[in-house]
Amino acid sequence: MKKVLLLLIMIGLSYTFIQSKNILNISAGVAIFLFGMFSLEEGFRSFAGGLLEKVLKKFTDKRYKSVLFGAITTSIMQSSSLISIISISFISAGLIGLAQGIGIIFGANIGTTTGAWLIAGLGLKVDIATYAMPMLVFGTILMFQSDKKAKGVGYILAGLGFLFLGIAYMKDGFDAFKETIDLTQFSIDGIKGLLVFTLIGIVATVIMQSSHATLVLIITALGAGQITYENALALAIGSNVGTTITAVLGSLTAGLEGKKLAAAHVIFNVLTGLVAITFIYPFIRIVDISAAFLGVGAEDYTMKLALFHTYFNVLGVSLLYPFTDQLVRFLDKILLAKKAKGENERDDVYFITDSALDFPATAHSVLIKETKHLYSNTFDIITKGMSIAPEDITSGMEIDDIIKLRNQPLPVNMDEYYENRIKDIYGKIINFAIMAQGKFGEETIRDIVPLKMANISIAEAFKAAKHMQKNMLFYLSSNNEHIKKEYNHIRKNLIKQLRNMQLIFNTTEEDVAVLLLSKIKLDAKKYDIAASKSLDDLIRSNKINYTMATSLMNDTTYAYTIASELAEVANILFIHHEKEGKEEREALLLNDLEVQDLTNHN
Amino acid sequence: MSGSKFIAKIEELFGIAPQSEESKKKAVKELVKKLKLKRIELKEALKEECDIPKREALKDSIKILKKQIKKGKDILDD
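Protein chains in written order, with my numbering: chain E, 487 to 1088; chain W, 2 to 79.
If we strip away everything but chain W, and leave its shape as in the complex, we get (with noise of 0.2 angstroms):
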């Protein structure tokens, strides 16, 4: 085994390796999906929020937030 090769297996064994294009994917992921969650909750508020103002600022974070989950697909589809 090299010497890098041992490093790396040591910085695995002790949970400090850089992360791998995995586990970012995987982090990435997990965000998409509390996202969503988000989206269906705000969609949710939206129904019941008869204030003008509070129902344009609902809408909005919706709009981001479906633009931010297409990013995350995007991310996840690379």
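Here chain E stands alone, though its shape is the one from the complex (with noise of 0.2 angstroms):
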């Protein structure tokens, strides 16, 4: 169906460019625009990884400033469109909240306004064409640079090009209809007009995906005079709705933030919409009187265009902006999240989102964010694989007394948890970790590989408590004390290590995560050699007899490795939880054999 349409569109248009050169000129200017939009966008894109991002993290931390943010970044990119996509990104990562995007949103229409001054400004009444051909040319020769901020600049320059060439034809091309054709015989007057241009301007920049695009084509035509004035404000105001139409379909594949930032979007843009129509007349006046005041002549609607477009953006923002909290709940009521699973239901991965793989930092901050999540997830298993209540754990109650609270074994289907809440979860952080390591540079891949070593850390804890489970059930409730000692010793070590996790992964105090990291390894090295000299003594005194001593000696190990793998899991989680100060973090760890050093003088 969608190809047949397709078909039609290009029989359609092919028609219609043999019957008008005209309208071909038009055409291939908004085609040549929207490529020039494209190479700008792709451009901005490669300085993302780093300048960006780090300006988006500070500058985003009062609401002001995110607005701020918004209105330079978007003047600067001419992209309102490629902020709202960084942003839904940025939020459905968590690297921001829902307020500083809203603000960004905000920030983003009124810098979009820059947009109507250039080209009304500039666009018309400077010969651009004369500047797109030589940034044309060297922004091709640097994009075909190996260097990606080189190759970044040339896709700027190139884009730049073909937005001044696009402008060009599309200018051209209205020029040349004015001697043939009059435009203005369609015109409609009155509110029948306005709301009729203002679909029509929804429509095109839905269909163009860049209300860039249909302001440039509403100021040509205006400029030649093809569309009435009060016809172009109407088209402008539908290209302000319709632009949101990007951050919509933006948000398909992010997280849940990232659709309320759209619907928010939506929301602004719409109501901005309904009151620039219901005070389209006012508003029409005070733009006469500034413009008046401003220097604009009575006659140069395109600019007066601009300064409309301006007004409208900025009153909007103005009436919402005070407002933005009670639009969070609202989004926050209407747009629920999952409800948490049960433990025997099957869990998915809260962030790993396509849009989180646009950027480093997203991919980076959402890695960590599953990663504690599976962590989560298998620290509940590891403490019930132990017949221990995770919440036993978490409670200030002493270890002793958790041991003789739950002096019997308590059993609990490891294999369909894993099926559950750790398999889907865990293949899709592996496959997200290596789609990230395959699109990002060296820098992010230095940040990636831990976390999914970390990951494997997990799995591999997990299969080792799968592993103990069975001899644990066994000898819990067996009648020969000296082993079910043995079986008990095991557990309060691994108590001990996973309050210990806790506390590392809840602490703020950096001295105290410093000191439990060293601690986790300690502890873990220690009691490997003291469980070794225990079993010999058993197994001298006839304690336990050999099957028993064998059980005991594979769980020890066991034990070891859910240890030592959970406490490198907590080790990556602290030295990379941030992408700044990594090498502070982790200058005063110790390292294996300092810890060794330090169990051969106990």
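Quick caveat, the hints were computed from the structure, so don't treat them as lab data.
Bear in mind that the values here come from a model prediction, so they are computed numbers and not experimental data.
Possibly wrong hints are sitting among the right ones.
Taking lysine-lysine pairs in the DSSO-like style, the calculated list, with each CA pair at most 30 angstroms apart, reads [claimed, not checked]: (1) W:Lys55 - E:Lys1012; (2) E:Lys635 - E:Lys1065; (3) E:Lys543 - W:Lys27; (4) W:Lys64 - E:Lys982; (5) E:Lys858 - E:Lys949; (6) W:Lys64 - E:Lys1019; (7) W:Lys27 - E:Lys982; (8) W:Lys34 - E:Lys1012; (9) W:Lys71 - E:Lys982; (10) W:Lys60 - E:Lys1068; (11) E:Lys540 - W:Lys71.
Put the two chains together into one complex, using the hints given.
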């Protein structure tokens, strides 16, 4: 169906192009302009790996800063769509909050108005096609460079070149049109015209997915006198509403928070559009008065359109900015997160989405969060595998009291738990990490590989716990007090280890984390040594038989694997939880040799 | 001013510049200071503690802290 429709459109356009060279010129202008937008976005994306992400995180801690950030970056990049997509990615990855994201969208709406000024002020009054040619040449040369930054600059230059060229084509097309046909005969006055042209503006922007392209069309047509001023204003309002389609499409592959941001974008732009339509005549009056004051000629409708575009967007932000919190609450209420799953229900990843792979910072943040998610599920089943309730670990109860309380085996199906709550999440994390490794540069790979290893360690710890569970259940109900005592000893050590892990994850004090990370390594090593000695004594004194001894020997190794693999997970998550300051965090942690040295002194 | 210097200046101005060796040492120094305080705190706790396993755990922590503080000092002396 889609293919047939596309073919029909192509045939229709071909027929139109044969009939009118001017329509061909205008359409080619739009196509070149859209290609320019694509190149420009691609160019800015190549810088998104570094500076843009840092600036985004740094400058969105206060709402007014988010608005400023949105306004400035959109003015520079001339693409509110790119800013929306970046914001959706960041918000889905949990790097910024919904309120900050909304602030950025507010700012982007203000920033996008600079486009109208540039097109009306420069695009139509200067022969910009002259500048387009060298930009295309230099841009293309740079695009072929292997250096990522040079390539990015190349895309930006070529993008600007194409934008200029597209505008020139559209302008020429409409100018030539003037001599053969008067499109103003299709103008509609009054409210009807306002609504019809707003709708046309929406549809045109949805199709082109660029409010800038629509604005250029409107301004060039208006400059050539092919549409009336009032209809042009309605088209501009429509383009403002239609531009939200990019955010909506972008949010389809994003997380819940990203969807909320796209919804906020739609709500904001539709409300702003409604305000502009309702008060269009007072707006026109204000534009007329202020245009005279700003030195814009009474007949300079393109500049007056730019002024109108700025006024209604600024008014929209001014009206809705104070209600950001209410908007956040409203969106939280209507777009609900999936209910927390019961322990036997199938669990899935929370943060991994396609949009998280857009930027290195979002990929990194999502990997950290999903690794913690996987750890949390694995922590649950490891404790249950030892016949202990997970809440016992987080309680303040003495370890001996926990052992007394849980002195009976508590069977749990670890295979079923793995199928439901570990396997898919683990698989998706590894897949996501591999995709990110292939997509981003060396620096990002250095962050991603250890996180992948942390997930492998979690899986190893689970496997060890699963192997240990069978004997654990068996010997906890044994009549041989010696073997029972040894298994309780394993449980005690693992409880201590898991408790310290929880403390590391929950503490905000760096010194506590640094101490505990080395402590869990030391405890794992010390226990391994002590267990071997104890086992030798038990065998020599015939307190346990050889079957028990073999089981105990194997399970001691499994317990050591659990402890050391989880220590590794904690280590990696502590060092890599933020991209900045890794070396400082790692500097004082004891390595394996240093820990070994401490055990030798004991 | 060259392009890279200009970017470095802008990054510094906005506080997004990558950390210099000096600021890294500053961060390590801060952490060493905290670890020293932690060691004093644990030594005090050890004096009060009578339970043998807990005393052992405290002794281990103190030994770790000693090693970490030494490691930190070595970095600062470099």
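**Item:** Given hint Lys982 (chain E) paired with Lys71 (chain W) - CA-CA distance at most 30 angstroms
**Value:** Holds, at roughly 27 angstroms.
Keeping to a limit of 30 angstroms between CA atoms, is the pair of Lys858 (chain E) and Lys949 (chain E) held or broken? holds, 18 angstroms
Straight-line Cα separation of Lys27 (chain W) and Lys982 (chain E) no greater than 30 angstroms?
Roughly 33 angstroms between the alpha carbons, so the hint for Lys27 (chain W) and Lys982 (chain E) is violated.
Exercise. Take the C-alpha atoms of Lys64 (chain W) and Lys1019 (chain E), compute the straight-line distance between them, and say whether it is at most 30 angstroms.
Key: It holds: about 23 angstroms lies between the C-alpha atoms, which stays within 30 angstroms.
For a C-alpha distance cap of 30 angstroms, please report whether Lys635 (chain E) and Lys1065 (chain E) respect it. Between Lys635 (chain E) and Lys1065 (chain E) the Cα gap is close to 21 angstroms, so the pair holds against 30 angstroms.
With the threshold set at 30 angstroms, check whether the alpha-carbon distance from Lys540 (chain E) to Lys71 (chain W) stays at or below it.
Violated, because 34 angstroms separates the two Cα atoms, which is more than 30 angstroms.
Q. Within a Cα-Cα threshold of 30 angstroms, do Lys60 (chain W) and Lys1068 (chain E) meet the stated pairing?
A. holds, 28 angstroms
Measure nothing beyond the straight line between the CA atoms of Lys543 (chain E) and Lys27 (chain W); if it is 30 angstroms or shorter, mark the hint as holding.
-> holds, 23 angstroms
TODO: Starting from Lys64 (chain W), check that the Cα of Lys982 (chain E) is at most 30 angstroms away, please.
DONE: Holds, at about 19 angstroms.
Straight-line Cα separation of Lys34 (chain W) and Lys1012 (chain E) no greater than 30 angstroms?
-> Cα-Cα ~28 angstroms, so holds.
Given hint Lys1012 (chain E) paired with Lys55 (chain W) - CA-CA distance at most 30 angstroms: Holds: Lys55 (chain W) and Lys1012 (chain E) sit about 15 angstroms apart, inside 30 angstroms.
This entry does not satisfy hints 7 and 11, going by the numbered hints stated previously.
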